[in-house]
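Given chain D, work out where chain L should sit, using these hints.
One-letter residues, chain by chain:
Number of protein chains: 2
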Amino acid sequence: MSLRLTILGCHSATPRSLAHTSSQFLELNNDCFLIDCGEGTQRQLRKYKVKFSKIKHVFISHLHGDHFFGLIGLISTFNLLNRDKELHVYGPKGIKEIIQLQLKLSNSWVEYPLYFHELHATESELILDNEKVEVYTIPLKHRIYTNGFLFREKKQERKLNMRTINHHPDIEICDYQNLKNGKNFKKEDGSVIQNKELTLDPPKPLSYAYCSDTAYSETIIPLIEQVDLLYHESTFLEEHLELAKKTKHSTALEAGRIASKANVKRLLLGHYSSRYKNLEVFLKEANQVFAHTELAEAGKQIYIDTYS
Amino acid sequence: MSLRLTILGCHSATPRSLAHTSSQFLELNNDCFLIDCGEGTQRQLRKYKVKFSKIKHVFISHLHGDHFFGLIGLISTFNLLNRDKELHVYGPKGIKEIIQLQLKLSNSWVEYPLYFHELHATESELILDNEKVEVYTIPLKHRIYTNGFLFREKKQERKLNMRTINHHPDIEICDYQNLKNGKNFKKEDGSVIQNKELTLDPPKPLSYAYCSDTAYSETIIPLIEQVDLLYHESTFLEEHLELAKKTKHSTALEAGRIASKANVKRLLLGHYSSRYKNLEVFLKEANQVFAHTELAEAGKQIYIDTYS
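Chains as they are written, first to last, in our numbering: chain D, 43 to 350; chain L, 43 to 350.
Everything labelled a hint here was simulated from the structure, so no lab data went into it.
A few of these clues could be false.
Since the list can't tell identical chains apart, any single copy or any two copies may satisfy a pair.
In silico PhoX-like cross-links for lysine-lysine, where the CA-CA straight-line distance does not exceed 25 Å [said to hold, decoys possible]: (1) LYS146 - LYS183; (2) LYS93 - LYS319; (3) LYS146 - LYS288; (4) LYS183 - LYS135; (5) LYS197 - LYS146; (6) LYS303 - LYS222; (7) LYS342 - LYS98; (8) LYS89 - LYS342; (9) LYS146 - LYS287; (10) LYS146 - LYS135; (11) LYS229 - LYS93; (12) LYS96 - LYS326; (13) LYS319 - LYS91; (14) LYS290 - LYS146; (15) LYS319 - LYS89; (16) LYS246 - LYS319; (17) LYS201 - LYS287; (18) LYS342 - LYS91; (19) LYS98 - LYS288; (20) LYS287 - LYS91.
Predicted, not measured: the structure shown is a model, and the values here were computed from it.
The following block holds chain D by itself, in its conformation from the complex (with noise of 0.2 Å):
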């Protein structure tokens, strides 16, 4: 159970020298993901040597420029290497006409089983459930469609505890399932062991929650409640909170706020505008209400393991 994040892009709107648009690589679980694709995103990928088939899934939040305008590149660079693994595919509807269409006019269909997932539901939905994770999307309030994305590990069976399971030699490896279901052992003269004697607890799963782009909204507090790390993004500070109105952007200070209501246990923040030089003054901002922050920008990775 851990959960490894490597940011790839934090800054917003434009690509510029030193600031790449959104994209992370979220590993959880030995699964991996690929989180929004600005332009430029398959070049980071190789700069923090991202093999680019560990990538089965890519979410895309919204449809501005910055999360998505490095998708076409990397479905088409996933093909000239002679890609041969499914691409699943997950984003608002219309995400599969820009990339079919771009394909049909370059007569360049990838040989890949390539799948899209079109998202248009406004409630949160399971959008994925393997054996090892499921993600839900969390619906956010941004100028156009837009999703956020939580990421839960699975809950694992009990773990076995082999020193009291020792002391029972009526206890059989054909028991060993139904102790990790959690199920008691009933003994031939009838007496009970308790589960909680024979097993331990399983790691508790990781979850990670990434919020970007959106307004301040209390309603996704109960979805990404308790989640081990949250993405919010804070493209403003508070003096430019009418901005953040208007752009149905964030503050800073209410990524903060956000965090701390849903009582996460660390936030990064991410997305910064253009206008600030010095980013440390996010940080500033947001600790006044949560202590928990970090700062993203491109090459940090953040692991988290279930013993950390």
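Positioned in the frame of chain D, the structure of chain L alone reads:
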């Protein structure tokens, strides 16, 4: 009369850490043109200090991603920077639909005048004609519909030779324009002064031909004859001639042959396949048939004026 070409990217297929896909910025007779626009071009423009507002015309050779995936980002960035000047985009039929679909789905129409000039002719045509420059298409042979572009400075008026004019007090200022236009001067006594005695040749107009991507094609020779600078793709070396033929690209030797047969002044090679680590071999191969050859590389500038 001057030509300055800045290479922004000159590698084929996919952007990599040290390999930028096709894009060039051309300044000709003080008019500015962007030629092709691979992913990340806007970042390269910033890196090499090209002012975005200088770009009024963008020419896209064909709809393979390494030549146009950066266009939507550039168009969007111009809007975010509050551009108000016109932008003209010349490229294959379909380019308008690609750009407009993305603008529509991101709910972000540009607020400056954006004009598309979609190309579909298979013969060379004049596509831009202003006071200073003419631009013609160069139909190329590639896997999809592709044009190169020929940029020609317009011939200037003849220059007044004030040394000789001042010896003829009957020539007045109102006669100057006729002299610039090449007319002889007729004196009141009916005698004639030849124009060439009163004027000097204007600077020779400069010309640049961009030919990428293309298989070896001698049909382009009449169009590019004697240009001051030819950029001709050389994706492969002769050792991969069969692959070049199959994918409708050229080898460095073939690029050299075209340059030689068209009697151009200088040849610039580019669009290298990623299989070659050492680019000097391209130069060596083309040099076998054409001496005045150079290698394109990102950041390289070529400056030519009529006195050089």
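Verification of the supplied hints:
In this assembly of identical chains, LYS146 and LYS183 lie within 25 Å of each other by CA distance solely across copies; the values are 19 Å between and 33 Å within a copy. Proximity of LYS93 and LYS319 under a CA criterion of 25 Å is satisfied inter-copy only: 21 Å between copies versus 32 Å inside one chain copy. In this assembly of identical chains, the alpha carbons of LYS146 and LYS288 lie at most 25 Å apart only when taken from different copies (20 Å versus 38 Å within one copy). In this homomeric assembly, LYS183 and LYS135 come within 25 Å of each other (Cα to Cα) only inside a single copy, at 17 Å, whereas the closest approach across copies is 37 Å.
Taking identical chains as interchangeable, the C-alpha atoms of LYS197 and LYS146 are never at most 25 Å apart, the minima being 42 Å within one chain and 42 Å between chains. In this assembly of identical chains, LYS303 and LYS222 lie within 25 Å of each other by CA distance neither inside one copy nor across copies; the values are 35 Å within and 79 Å between. When the C-alpha separation of LYS342 and LYS98 is checked against a cutoff of 25 Å, the pair qualifies only within one copy, where the shortest distance is 22 Å, while the shortest distance between copies is 38 Å. When the C-alpha separation of LYS89 and LYS342 is checked against a cutoff of 25 Å, the pair qualifies both within a copy, at 12 Å, and between copies, at 23 Å.
In this assembly of identical chains, LYS146 and LYS287 lie within 25 Å of each other by CA distance solely across copies; the values are 23 Å between and 39 Å within a copy. Taking the shortest alpha-carbon separations for LYS146 and LYS135, both the intra-copy value of 18 Å and the inter-copy value of 12 Å come in at or below 25 Å. For the identical chains of this complex, LYS229 and LYS93 are neighbours neither inside a copy (51 Å) nor across copies (82 Å), given an alpha-carbon limit of 25 Å. Proximity of LYS96 to LYS326 under the C-alpha cut-off of 25 Å is found in neither arrangement, the shortest distances being 36 Å within a copy and 39 Å between copies.
In the homo-oligomer, the alpha carbons of LYS319 and LYS91 lie at most 25 Å apart only across protomers (20 Å), although the nearest pairing inside one protomer, at 28 Å, exceeds that limit. Taking the shortest Cα distances, LYS290 and LYS146 sit within 25 Å of each other only across copies (19 Å), while inside one copy they are farther apart (35 Å). Taking the shortest Cα distances, LYS319 and LYS89 sit within 25 Å of each other both inside one copy (24 Å) and across copies (18 Å). For the homomeric pair LYS246 and LYS319, neither the shortest alpha-carbon distance inside one copy (39 Å) nor that between copies (48 Å) is at most 25 Å.
In this assembly of identical chains, the alpha carbons of LYS201 and LYS287 never lie at most 25 Å apart, being 49 Å within a copy and 61 Å across copies at closest. For the homomeric pair LYS342 and LYS91, the shortest alpha-carbon distance inside one copy (13 Å) is at most 25 Å, but the shortest distance between copies (28 Å) is not. Taking the shortest Cα distances, LYS98 and LYS288 never come within 25 Å of each other, neither inside one copy (36 Å) nor across copies (31 Å). Taking CA atoms no more than 25 Å apart as the test, LYS287 paired with LYS91 passes in neither setting, with 38 Å inside one copy and 34 Å between copies.
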